[in-house]
Amino acid sequence: MPNTVVNPTRMELTRLKGKLKTARRGHKLLKDKRDELMRQFLDVVRENKALRAKVEEGLEKAHQSFTVAAALMSGPAMEEALLYPKQSVELELGFKNVMSVDVPEYTFHTVSREKGDVYPYGYAATSGELDSAVEALSDAFQDMLKLAEMEKTAQLLAEEIEKTRRRVNGLEYKIIPECEEGIKYISMKLDENERSATVRLMKVKDMILAEALEQQKERDRRAAQQ
Amino acid sequence: MSNYSIAVIGDLNSVMGFKALGLDVHAVDTPQAARETLHRLAKENCAVIYITETLAGELDADIARYKDAPTPAVILIPGKEGSLGIGMTNLKRSVERAVGADIL
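Quick mapping for you: the protein sequence lines, in order, are chains R and U.
Take my numbering: the final residue in the first sequence is number 226, and no numbers are missing along the way.
Take my numbering: the final residue in the second sequence is number 1104, and no numbers are missing along the way.
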């Protein structure tokens, strides 16, 4: 029995049937959406995992070079060398629609005053290790940006999947059974009403017939007496 | 499409190199300062924020806040101590959230 009290009327029955139809259709659509989202999500996550491993490895290498550079140069000298960057990075943010989830797409371009090198310092006062450190970092940066895109996509998709899954389950285990229960209850109640009406009619008819018979007998008796 | 910036938050030694690439570098020492910087940058025109795992370990709740928003993307990177595996754990967690089990 649904907790809510339903009026066993024909109108309510029609309404519930419509609701059930919509719920079934919604359930099917959401289920398809969930499956497709899941497929895309798994692709993204696999790629994401590989990319993260790559980025972490690249950054580790860069950090190693930096550590060596820091050992060869004094701290302030290194800071000074890196203080004023030669290039700046501008990021363009676009959105791509994946199954009605807006996932970001980054494209970046570097704005540098001089083409060619990224080193913001002269070579005289710095050690060669710093060059390789900066180079390693700039190599890793491409992947880092891709990683940012992937990871955000994965997070947003995960959220959407969770939402969709809840909706699917809500429909499947709550709304649809409740509708079916309500429809069953109403149609049984209506059938019962109909049967009781028929029985009542039959009963009344019997009573009327019996009375008519009685009257007929009475008339026959009076006719016989006369 | 408009222009956004990329920021890096971490301790000085870990993030110094990013300055050479032209990123917006914020060197912080304490998790408290990192938290403030993170929230400030998120409000500003920042699409991607890289933060070192060492700091991120203490800012779990703050980072989770930006998880479901389209911007900014808060991405963990290993600091100079090397990878702590927090980034991978987060990835696993999002799989768990979506699928219900860790299937990687």
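None of these hints come from the bench; they were simulated from the model.
Some hints here could point you the wrong way.
Claimed, not checked - These stretches of chain R come out as covered by chain U in the derived footprint (C-beta under 8 Å, 3 or more residues):
1) 21-28
2) 66-73
3) 141-150
4) 184-190
5) 200-212
Every residue gets a Cβ at the ideal spot worked out from N, C-alpha and C, and that includes glycine.
Do the hints match the structure? See the list:
1. 21-28: Not satisfied, violated; 0 residues make the cut.
2. 66-73: Since 3 is at least three, the answer is holds.
3. 141-150: holds (count 6)
4. 184-190: It is violated: at least three residues are needed, and the region 184-190 of chain R offers just 0 whose Cβ sits closer than 8 Å to chain U.
5. 200-212: It is violated, with 0 qualifying residues against the three required.
In the structure shown, a violation is registered for the earlier hints numbered 1, 4 and 5, in ascending order.
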